[in-house]
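With the sequences and hints as input, model every part of the structure.
Chains as they are written, first to last, in my numbering: chain A, 395 to 694; chain B, 296 to 514; chain C, 125 to 329; chain D, 4 to 340; chain E, 18 to 228; chain F, 88 to 538.
Hints may contain errors.
[To be verified] Label pairs and their calculated CB-CB ranges:
(1) C:D169 - D:W57: 52 to 60 Å
(2) C:A181 - E:R191: 26 to 34 Å
(3) D:P108 - C:E177: 32 to 40 Å
(4) B:E487 - D:Q248: 51 to 59 Å
(5) F:L155 - D:A30: 19 to 27 Å
(6) F:A102 - A:A453: 31 to 39 Å
(7) E:V218 - A:G462: 45 to 53 Å
(8) E:F114 - A:A453: 49 to 57 Å
(9) C:G211 - B:L307: 45 to 53 Å
(10) B:A386 - E:V218: 43 to 51 Å
The set of hints was computed from the structure by calculation and includes no laboratory data. What you are looking at is a predicted structure, and each value in this text was computed from that prediction instead of being measured. Even for Gly, the Cβ is constructed at its ideal location relative to N, Cα and C.
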Amino acid sequence: MLLTIGLAILVMLALGVCFAMLLGWANVAWKVDVPLQLRQLTDAMPGANCGGCGYIGCAEYAEAVFRGEAPPDKCPVGGAAVARHVAEIMGIDLQETLPYRPVVHCGADYDCRLKRAEYTGERTCGAANLVAGVQGCTYGCLGFGDCEWACQFDAVKMVNGLAVIDYDKCTGCGACAKACPRHIISMVPFKAERIVVVACSSKDPGKVVRSVCTVGCIGCGICQKLNELFTVTDNLASINYDHYDAQADFAPVLAKCPRQTLIYVGKPSAKDLAAVAGEELPERVEADFKTTVDDADYRG
Amino acid sequence: MGVVTEILMLGLATAVINNLVLAYFVGICPFLGVSRRIDTAFGMGCAVVFVTTLSGVVTWAISHFALIEGAPLVNWINSLAGASPDKPVVADLLFLQYILFIFVIAGMVQLVEMYMRKFAHALYKALGVYLPLITTNCAILFVCLIIAKRPAIGDSFLRSLVYSFFGGVGFTLAIVLMAGIREELDAADIPEPLKGPGITLITAGIMALAFMGFKGMAG
Amino acid sequence: MSDKKGFLTYLGQAWLVLTLSIAFGAALAGVEKVTRPRIQQNIKDFIAVRLVEVFGAGTTTAEPTVVKVTINGRERKVNGYPALRDGKRIGWGIEAEGMGYDTLTLLICTDEDVNVLKGYRVVIDAETPGIGDKIKKRKSFVDQFAGKDAAAELVAVPEGSKTTGNEVWTITGATYSSKKGVVGTINEVLPAVRPALRAAMKEGS
Amino acid sequence: MTEAKNKPEAPAAVIWPVAPGPHIGRARSTRAVMIDVVIALIPAMAVGIYVFGWRAAMLIGVSVASCVFFEALWQQLRGRRQTIMDFSAVVTGIILALSIPWTLPWYGAVVGAGMAILITKMCFGGLGSNVFNPAMGGRAFLQACFAAPMTTYVLKQGGIETLPAHAARVVDAATGATPLAVKATSALDLLLGTVNGSIGETSAIACVLGGLYLIVRRAASWRIPLAMLISAAAVGELNCLLRPQTALPIQNQLLSGALLFGAAFIVTDPATSPLSRRGRWIYGAGVGALVMLIRLFAAVPEGVMYAVLVMNITVPLIDRYTVPRPVGGPTPSPKPT
Amino acid sequence: MAETSLPGAAARFRYGILNDNPTYRQVLGMCPTLAVTATLAGAFTMAAATAFVLIMASIVVSLLRHQLKGHLRILVFTLTIAAFVTFVDRFLAAYMFPMSRTLGPYIPLIIVNCIIICRCEVCAAHQSIPVAISDAVGQGVGFLLGLTSIAVVRELLATGGFFLNEADPSAGFRLIPNWPNWTVMQGPAGAFITLGVLMGVVNLISRRKRR
Amino acid sequence: MSSALKRLGGSGSFARGVHPAGRKELAAEGGIEVVPTPAQVAVPLLQHTGAPCEPLVKPRQQVALGELIGKADAFVSAPVHASIAGTTQMPSVTTLPNGRHVRTIPIKAAEEQLSAAELWQDTFGGDWPTDGLDNYPPEQIVEAVHAAGVVGLGGAAFPTHVKLTRNQAKPIDTLLVNGCECEPYLTADYRLMLQAAEPIVAGGLLAARAAGAERIVIAIEDNKPAAAKRMAEAAEGTDVDVAIVKTKYPMGGERQVIPAVLDREVPTGGLPRDVGVVVVNVGTAAAIAAAVLRGRPLTHRIISVTGDGIAQPKNLLAPIGAGYGDLIAACGGLKETAGRVIAGGPMMGFALAELDVPVTKGTSGVVVLTKEQARSSEETACIRCGRCVDVCPLGLVPTKIALACRHGDWETARRYYLTACIECGCCAYICPAKIPLVQLMRMGKAMMPKK
Ligand SMILES: Cc1cc2nc3c(=O)[nH]c(=O)nc-3n(C[C@H](O)[C@H](O)[C@H](O)COP(=O)(O)O)c2cc1C
Ligand SMILES: Cc1cc2nc3c(=O)[nH]c(=O)nc-3n(C[C@H](O)[C@H](O)[C@H](O)COP(=O)(O)O)c2cc1C
Ligand SMILES: Cc1cc2nc3c(=O)[nH]c(=O)nc-3n(C[C@H](O)[C@H](O)[C@H](O)COP(=O)(O)O)c2cc1C
Ligand SMILES: Cc1cc2nc3c(=O)[nH]c(=O)nc-3n(C[C@H](O)[C@H](O)[C@H](O)CO)c2cc1C
Ligand code: SF4
Ligand code: SF4
Ligand code: SF4
Ligand code: SF4
Ligand code: FES
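Shown next as structure tokens:
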């Protein structure tokens, strides 16, 4: 009995000692310090791996931040909280930025969009965008919902052929903006519960717009006259969000617009509002409205 | 039968006919978990081949030196205790088998990982990430136990070596094929509830059916 | 802690592992001592049950005689369980591994000096239910082995043809199990084991 | 000024329906292709029913019915467009029935159909997405389920006689008795189908006819069967050279068993075979070789089904590594895989 | 995220059974799951054995959780687990011999059953003994449920009843008279397919619930 | 196999491809007619591949036929000219059939216009010298072609002067005049070759001179023997070869016709120039001649208006910017069986949503199909039959690429060489599952992240 126990202990001990030695030694000799910071950073990420940060996944982004190549506030999902957390891990002070949120620069649902043809092709915006005459307006929403498909937080819903964004679900990752082949979704800085947007992207002359849409901007310039925030360039009104003032009263402009092109959208979450309390605004991202891919060469 | 042919036959039998995953259900967790993309699956496979071979050999050595009946260590003790060979005081130490084996495997996996991280960073990037998973991949322990328990294999070092190596190869084969299929299925309209492990298991099932065709081929 | 304080530090860090090793080693040794006899008894009983089936009631068995034999080139250990009736050995139960449709283990029963087959039992198998497992279930197949000459080769003939002398018929649809598995294994093991067992007995007595 | 909404300007001109090019196309649809297969299968069915009698017909009926039913059911439950009209389920049903022995009880056909359609086809996303050949998936399941009835063939004419026994009269049963083993079976018998086996595989002529029809109608690629037959013959001959004692006359190797049936209808299943031409040669050759290897060395009576399933596993990899070189060479920076 | 605090005992217990059921949610410990579920008896035994090891290991690890060293952590876990597994193995061999024969080499594989290490890592190594225990029990029960569900389907289809035994017809009870045994269900293929389908069903149901 | 092919080493065919019914008999026989000047034309400012033009005219300004009304400074671009005499209107926009949204300059027709006879006379009529063309300096030719706003009339509508400009790095040895017209139904090039062979030859010689090619080959499919004969006569005494190639779609594609005739493979992502070849369409050749020898800008082109849905199929000489409606009217209007109006050929053309869209320099035809003829669009899943693989003239695996594009799996799309696709339509033509393969490819090309 004792002998067996003794032997057992002996063997175990022998092996234990060997490995203890080996591992202990290896642990020192072959030390590669996975920096604590990096580990913390990786933990800090939401782990949605949505790519909204422009990196392949959360881990990639974490490394980029660690290498100081990326700013701490790129993660739209995590938003301000994560940004702050990341910043303090990195021991840098973070200049808070606004929550960018997508707005759809088109306000025409199926009833407002005229000259819609029966279309029997691949039913995605990307495909339909390459076929002439699916609908009269070549700028506006096509209504096949590529953006809806792209949004992994299902924050985009197609309402009677028009993309509508649910700002409670939206995390601002920008996937929808990337997905839209007509580039009518742009990410703008939300500094208020609701902001005014120009719900049209058509640069066509008013006459043409009228012939294809009942709500599109005809570039009449009334808004320009009434409010200096608005500028009309090639037949399309746009808002300068740099000087956008949430408190200002837009009622007159909205009332005067002959086409109800100017609408309020949005309602960012409380977290975002906290994050943006009293910040001065960075440049707004300019959306460039393309009508179609310009490198598709004409054949036949 | 020439040694070479014998080895080949055993290898074939181990890797294909008695495939670890499809015939013995071991190493299923990584088989389900790490089979999304071909390259990662292959990386995992390589790591497994490496570790099975290593631990197969080491555990064989340990058994034959210390554990089995009539192993040098046991004999030595008995002789110390002045026991007669046919009435040994300590028959064998097989009751330490599991604990020692897993001890060795875990320890070695960790060593290998540290070593790679330090000296073979490229390799580490490729395989290293899988190593921690491997400690809890029962394929490894299974191979070691088979070697220890089936005299037909465990009695000869060579056969043990071949078995452990091709066991790993079999795992790699299965997981890479599965990865190929899963990449194909990315585009398929699979019912939501079945996506992921569900369809993978079903695929594995049909694979197992297919591999029944090799029954009785070897030995 | 990049500075090397020598190996003792490592042992220091590993104190937990070491104490655990000791504790578990001891504990397991204890467990072993308690369970070992029972386990071996279990195995013996398991064999005994099958021996009873072959040699009739009242048969018991004891520690197996282990013989080292070389079968087609490979060294193997084979357990020969004695079949005892009131203390006296009346035959052998030879535990042999073989390959049928899948690997299987047989208990080949012979008389005390391995001249006459008494029959066989399947100890471990993975043969297909409905096909291969006929080698366990088909009484007519199993029984025909009793009384065959263990010194000579068994000759397999297809099912249905009548058998003479040392011929046994094999189950159609299950050739692999019946012919390769049972007949094959017996033919392969007995010739090697017989002399070994006899030798073992000689020096035993 | 909301009246803009109320009275939208009428469209200027009539709007024509728009669709992407090309605007003309070949008339043949998926259904047409599948119906071609059914037509090609008629001779095999006829011979099968002639040899094995009404039970064969019953099995075919049951199998087809259950296949169609299961597919319809699934699409219904999933709330998807009904797809039974593309006839692929019918093809599956027929091929499944033709690949089982006529003695199998009717519920066998139902179980097989369930496995084939529900598990092997629909779970993977239905027509075209299935990795494994549904009929063979179903058959493999049956074979593993009801091994005994699936592997003992009972000869119809000349009363009841188990095939192995039939074999035993001719050769020593060691070789795993299937009509393969029967040196004496005359090539003529094999051609006409007056030999034993699964319902559909008995008559070589029927299979060849069906196969040629498929190829001529371009319903099936000629490359796969061609490759399969060549490699099977090659392996068989090689075996004759190396192990003469197990040698079989080449016509028996090729004409007997399910080899021709498989070559004509099973390996040609487009959904489960590679796309590229090189891939198809590889696939066919692989199946052919495996069939012979399994016949010669494994413990199972017939290799075609297993060979097909095993090669199905490899199809994605084959496809991946036989991407054809585009005319004009690879694009400047193709992503290395 | 990192800052979320660890759930307490009750939560752990519930999670183990439902939200992260080892079989259907974490998809861990698949090997024994597939290997021993050919029969209910096997499933029960395996589940019990695993649960036992899981609980004991959790306790020990939780006890030592403050002493754990980075590079030796895994070693400690495996040591502990292996010791208890050996114990179970011997116990079965000694007192439930037939069962230990059928479960064969899969008992030792409990050592590497991913669940156990996973639980040690996730829970025991960070939380107090009571929590660790309740977690272990929860996981154990969850595992039991997983195994049983599979075994029920497989054994029923394979034999048409439960606990049947050709040797003596009296044993067990037959649900479906003269059922054509689906022998495939006893083998790997049957196991994989059954589990795959069940997994689909479970997901379906749980999704319905969430709606 | 014609003697020319033997000399040039081409096999006269290319691998794979399809054989759609030609249906060229519909409009092949009648001679080319001149469209009566429409009341108004809308000249698009972007008709070509490249930079759009800026308008040079103000609204309500008198313009004469051929007067320059828009130009761009970019090199890869082509000026546009007034295609009728009249007064310009307020600039507007239109959506061309290929989905491109462009600005147009509408021109209301003046009373007096050139008569049909005169127009024909100074576009294609008269005699065209074939010798003495060598003393035109290349630069002058290119300049003239540029000024005339000549672009590829074969489809790509690529500014021709760019093609003709010499490039030391990539010397040209062969000029291929593309008279294949492989698209079903279309017969514009065919009629042109019959009725205006001389300007084609002259244009060919000039183009060759400009590009520095010492060899000139006119490639014609073997279903147009008459055209081949006519061209051969016209080329008499010049060193212009006529090569007869197999009738097979898309023989006209430059990546098909060059291997077929010269046995050279245009590298993927490259240009014919990379293998020392310039390909110009026959119409382009004629336009070059007109531009250089007569200083005539490209204001009109020949357009096949054909198909079973049209009353009287014809080939028309139409002013650029005329509406499709005008052309159809000139052919007796649509039958009520008409189901689909296509700008271009049925294989590569684009369905029209409405008819008041202007034709451009690239428009080679208007095909009106009946509802039955139009390819059905009820789609089943891909059965992986591999027919698309068997017909793709570039040896791609269309189904893989298309489905990858559908799922936004760009890595796979790249691995299967999405960018090599020429959108010829063979795969979708043959596909039994009726999958819109080509559209998916185009979508993929548009949506695939550039990198
Ligand atoms: C699923 C399946 C299971 C099988 N199981 C066995 C088996 O357990 N034992 C066996 O000898 N043959 C088995 N076979 C092999 C076939 O029964 C084979 O036809 C037979 O062994 C050949 O012997 P024969 O010459 O008597 O026909 C199996 C075949 C299949 C397809
Ligand atoms: C039974 C049969 C066998 C054929 N064998 C070949 C062959 O071996 N080689 C070949 O190039 N074409 C063969 N063909 C012709 C092909 O079907 C096809 O017409 C030819 O290969 C050109 O088509 P492809 O572009 O698909 O290769 C065969 C046709 C039939 C009906
Ligand atoms: C699929 C396809 C088919 C084509 N068919 C023709 C044709 O029939 N005739 C033609 O002149 N150009 C055709 N082209 C355009 C030619 O590739 C080439 O661009 C043109 O001949 C160059 O001459 P151009 O620039 O004068 O048009 C085709 C292009 C493609 C991609
Ligand atoms: C030439 C050809 C052969 C086919 N062979 C089979 C077959 O062997 N088994 C089967 O289930 N379906 C077969 N089908 C039908 C169909 O392709 C099959 O169900 C698909 O796998 C469904 O995705 C075949 C179809 C064609 C066109
Ligand atoms: S945005 Fe945030 S969550 Fe999304 S990938 Fe980047 S880091 Fe991860
Ligand atoms: S917003 Fe853009 S992507 Fe979304 S539906 Fe409209 S067109 Fe499509
Ligand atoms: S709506 Fe757009 S920005 Fe918001 S989450 Fe969805 S994809 Fe991202
Ligand atoms: S032709 Fe159509 S059905 Fe056939 S493989 Fe190509 S895409 Fe699929
Ligand atoms: S239990 Fe997880 S790998 Fe075996």
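Tested hints:
In this structure, D169 of chain C and W57 of chain D meet the distance hint of 52 to 60 Å, their C-beta atoms being roughly 55 Å apart. Separation of A181 of chain C from R191 of chain E is about 31 Å and conforms to the stated range, judged on CB atoms against 26 to 34 Å. Under the hint 32 to 40 Å, the C-beta atoms of P108 of chain D and E177 of chain C, about 35 Å apart, fit the expected range. With their beta carbons about 56 Å apart, E487 of chain B and Q248 of chain D fall inside the hinted range of 51 to 59 Å.
With their beta carbons about 50 Å apart, L155 of chain F and A30 of chain D fall outside the hinted range of 19 to 27 Å. For the hinted restraint 31 to 39 Å between A102 of chain F and A453 of chain A, the CB-CB distance of approximately 46 Å leaves it violated. At roughly 50 Å, the beta carbons of V218 of chain E and G462 of chain A sit within the given window of 45 to 53 Å. A C-beta distance of roughly 50 Å is found between F114 of chain E and A453 of chain A, which places it inside the suggested range of 49 to 57 Å.
About 50 Å separates the C-beta atoms of G211 of chain C and L307 of chain B, a value consistent with the hinted range of 45 to 53 Å. A hinted range of 43 to 51 Å holds for the C-beta pair A386 of chain B and V218 of chain E, which are about 50 Å apart.
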